[in-house]
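Trainee: Listed below, chain by chain, are the residues.
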Amino acid sequence: MSVEASTEQVLRDSFISLAYLGASVAFILALRSLTKPETARRGIQLALWGMLAAIIGTLVNHEIVTYRWIFIGLVIGSIIGWPLGQKVAMTQMPQRIAISHMFGALAASLVGIAEYLTHSASGHGIERPQMAALGFEVLFGSLTVSGSFMAFGKLHEILPGRGITFPGQNAVNLVTFACTVGLLGYLVYDPTASWAFFAMTGLAFLSGFSMVLPIGGADMPVVVSLLNSYAGLAASATGFALGNPVLIVSGALDGASGFLLSVLMSKAMNRSFANVLFGAFGSAPPKGEGSTGAKGEMKEVTLEDAALALRYARNVVVVPGYGLAVAQAQKLVGEIAEVLEGHGNQVRYAIHPVAGRMPGHMNVLLAEANISYEKMVEMEEINEHFEDVDVCLVIGANDVVNPAAKRDPKSPIFGMPVLNVDQARRVFVLKRGKGTGFAGIENDLFVEEKTSLLFGDAKATLQRLATELKGM
Amino acid sequence: MNLAFAELYVFVLAGFVGYQVITRVPPLLHTPLMSATNMISAISLVGSIVVAGADRGTLSTVLGTVAVVCATINFVGGYIITERMLKMFSGQQQGLAKKDGGK
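Those sequence lines, one after another, are chains P and E.
Read in my numbering, the first sequence has 19 at position 29, and its numbers run on one by one without any break.
So the mapping is simple: my numbering equals the position in the second sequence, first residue as 1, plus 139.
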């Protein structure tokens, strides 16, 4: 009897291990498929099957005695998850991603807390390596929960987008975080100290809030990517605590992805991590101070003239900025491009890495407007070719086309990689009014000789431009 | 202790593989990449399902069930939204092929 039972146990455990192994491989292959747009969809199907395999594997775990709450959880989660997948607009992707970091981290933290409670109640105590893993899991988890919630609030504009700062903030944040890490250290020394566990959880939760509080809306791409990485690390730590390799692997993949994206975003904004986290860039607009700012007058161009120039421009490059997405005018850009292409002109889109509010956001917004991804060109690729561009159409972008980043060492954005729009033969800029950009910086490009401005609401201007071009 | 080191091996190697693979994802697909990793993060289901079903006390069951809800939101929502985005990228591919065929 006991031999039979143990044989069954071995079979069951092997089945679970195989399911987890399959899931791990599926996830890695899924990410690999994402390296090309043609194979990307196959990738997400693979991830789906991997996840289902892992779930089925887990369901046969011998520790499970009742399926009732699992089932209820799965159903409620699906009911909430469905609209979060189906109904969310593409412009809302950044906050959608931020909130899902929150859910992921919350799941990891709760599992960590439950594991800790179970172990302390059992009286056996927790071994130190496991305590370290649980501690990391809950620390990163709760930090990500509150941090992501703050990021969500700022991106969704239920909280003020500008950073909120007060004197001594960095010191307070550092001390809070140091205390959190100190408590983790104490827990590893004495795993039975449940007060330390809960104090650490609470402080980590507070740290998440205070970390994102001073960071402005323009820096959110870095923050969201970084939180992605933390959520991954929390999942990995769960894997260490439970001795579960599929969690370790998936967490490591998430962590690597988030880390890489935040490095890329930081580079694109010419900022270091430390500067994003402690610099509170968006809080005080450095307008005019130190920088010479833009000199000269902005020239306006009539719609007819702009349309005429576009009609006979053989090489057109559109620079879409977040303003375009806010105006919901991507479809109109697509229409204009179609008319121009009908005349045999080439139209491409120059995408700055931080054109949207998260990595790759602008590409998704353009793809939604049925613009082919083959016409979207990355900054590095197109920057050498701006001299051959007849007309460059800048829509709702400001800092990413500011030549001051290249030539004015006093400019706050000096050193940030920008699109070489100033090398194009002619530049049209669509602009709402004569104000400043998101980071509150004057733009030298707008007063250059070759630049003409079309003032007004981007959507209305593009609408009239499209009508004008179709009539030609 | 040996086991802990084996786990560390897995973590470091998986992180390395992840880094190598993800550096090759073009910026074009960075948003789908993020939502795909979000969906993959739902793997914490394997931990939360056990906690929700192991009947280790009311508090554990509640925490586990809420964790299952959260992870399932990421799984279902993450899959649907990633699929929606990737459809926009691959759908136009077919459109182009058709146009070229027609010429």
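Just so you know, the hints here were simulated from the structure itself, not pulled from any lab data.
Predicted model, so just to flag it, every value in this text is computed and none were measured.
Keep in mind that the hints are not guaranteed to be accurate.
[Claimed, not checked] Restraint ranges, calculated between C-beta atoms of paired labels, are given here:
| no. | chain 1 | residue 1 | chain 2 | residue 2 | range |
| --- | --- | --- | --- | --- | --- |
| 1 | E | L152 | P | T56 | 28 to 38 Å |
| 2 | E | P165 | P | S112 | 41 to 51 Å |
| 3 | E | L152 | P | M462 | 57 to 67 Å |
| 4 | E | L152 | P | K321 | 40 to 50 Å |
| 5 | E | V201 | P | P73 | 54 to 64 Å |
| 6 | P | F188 | E | L142 | 51 to 61 Å |
| 7 | E | T197 | P | K257 | 42 to 52 Å |
| 8 | E | T197 | P | I70 | 37 to 47 Å |
| 9 | E | F144 | P | P73 | 18 to 28 Å |
| 10 | E | L152 | P | L49 | 25 to 35 Å |
[Claimed, not checked] Below are the EDC-like pairs computed for lysine to aspartate or glutamate, each with C-alpha atoms no more than 20 Å apart in a straight line:
| no. | chain 1 | residue 1 | chain 2 | residue 2 |
| --- | --- | --- | --- | --- |
| 11 | E | K226 | P | D447 |
| 12 | P | K26 | E | E222 |
| 13 | P | K77 | E | D194 |
| 14 | P | K26 | P | E328 |
| 15 | P | K321 | P | D447 |
| 16 | E | K226 | P | E364 |
| 17 | E | K226 | P | E28 |
| 18 | P | K460 | P | E328 |
[What the hints assert, rightly or not] To be clear about the criterion: a stretch of chain P counts as covered by chain E if any three or more of its residues have a C-beta under 8 Å from a C-beta of chain E, and this derived list gives those stretches:
| no. | segment |
| --- | --- |
| 19 | 78 to 91 |
| 20 | 155 to 164 |
| 21 | 172 to 184 |
| 22 | 200 to 207 |
| 23 | 218 to 230 |
| 24 | 235 to 247 |
Backbone N, C-alpha and C fix where the C-beta goes; we use that ideal spot for every residue, glycine too.
Trainee: Compare the structure with each hint and give your call.
Mentor: Hint by hint, here is what the structure shows:
Between L152/E and T56/P the C-beta distance comes to about 36 Å, which sits within the given range of 28 to 38 Å. Hint check: P165/E to S112/P, Cβ distance near 49 Å, so the stated range 41 to 51 Å holds. Range check, L152/E to M462/P: Cβ separation about 60 Å, and the 57 to 67 Å hint holds. At roughly 45 Å, the beta carbons of L152/E and K321/P sit within the given window of 40 to 50 Å.
For the hinted restraint 54 to 64 Å between V201/E and P73/P, the CB-CB distance of approximately 24 Å leaves it violated. A C-beta distance of roughly 28 Å is found between F188/P and L142/E, which places it outside the suggested range of 51 to 61 Å. At about 49 Å, the beta-carbon gap between T197/E and K257/P stays in the expected band of 42 to 52 Å. At about 23 Å, the beta-carbon gap between T197/E and I70/P misses the expected band of 37 to 47 Å.
Range check, F144/E to P73/P: Cβ separation about 44 Å, and the 18 to 28 Å hint is violated. Between L152/E and L49/P the beta carbon distance is about 28 Å. The supplied range of 25 to 35 Å therefore holds. The suggested pairing of K226/E with D447/P is violated, with an alpha-carbon distance near 31 Å, which exceeds 20 Å. Between K26/P and E222/E the CA atoms are separated by roughly 15 Å; this keeps the pair inside 20 Å, and the hint holds.
Between K77/P and D194/E the CA atoms are separated by roughly 36 Å; this puts the pair beyond 20 Å, and the hint is violated. Between the alpha carbons of K26/P and E328/P the distance comes to roughly 25 Å, so the proposed pair goes past 20 Å and is violated. Pair hint K321/P plus D447/P holds up; C-alpha atoms about 15 Å apart against a cutoff of 20 Å. Proximity of K226/E to E364/P is assessed by CA-CA distance (about 15 Å); at most 20 Å being required, the pair is judged to hold.
Taking the CA atoms of K226/E and E28/P, the gap is about 10 Å. The hint holds against a cut of 20 Å. For the proposed pair K460/P and E328/P, the alpha carbon gap of about 10 Å is at most 20 Å, so the pair holds. Counting residues of the segment 78 to 91 of chain P whose C-beta lies closer than 8 Å to any C-beta of chain E gives 7; at least three are required, and the coverage claim holds. With 0 residues having a Cβ less than 8 Å from any Cβ of chain E, the segment 155 to 164 of chain P misses the three-residue criterion, and the hint is violated.
Coverage of the segment 172 to 184 of chain P by chain E is violated. Counting CB-CB distances below 8 Å, 0 residues qualify, and the rule asks for three or more. Proximity of the segment 200 to 207 of chain P to chain E, defined as three or more residues with a beta carbon under 8 Å from a beta carbon of that chain, is not established by the 0 residues found. Counting residues of the segment 218 to 230 of chain P whose CB falls under 8 Å from any CB of chain E gives 8; the rule of at least 3 is met. With 13 residues carrying a beta carbon less than 8 Å from a beta carbon of chain E, the segment 235 to 247 of chain P meets the three-residue requirement, and the given coverage holds.
Violated hints, listed in ascending order, are 5, 6, 8, 9, 11, 13, 14, 20, 21, 22; each of the other numbered hints is respected by the structure.
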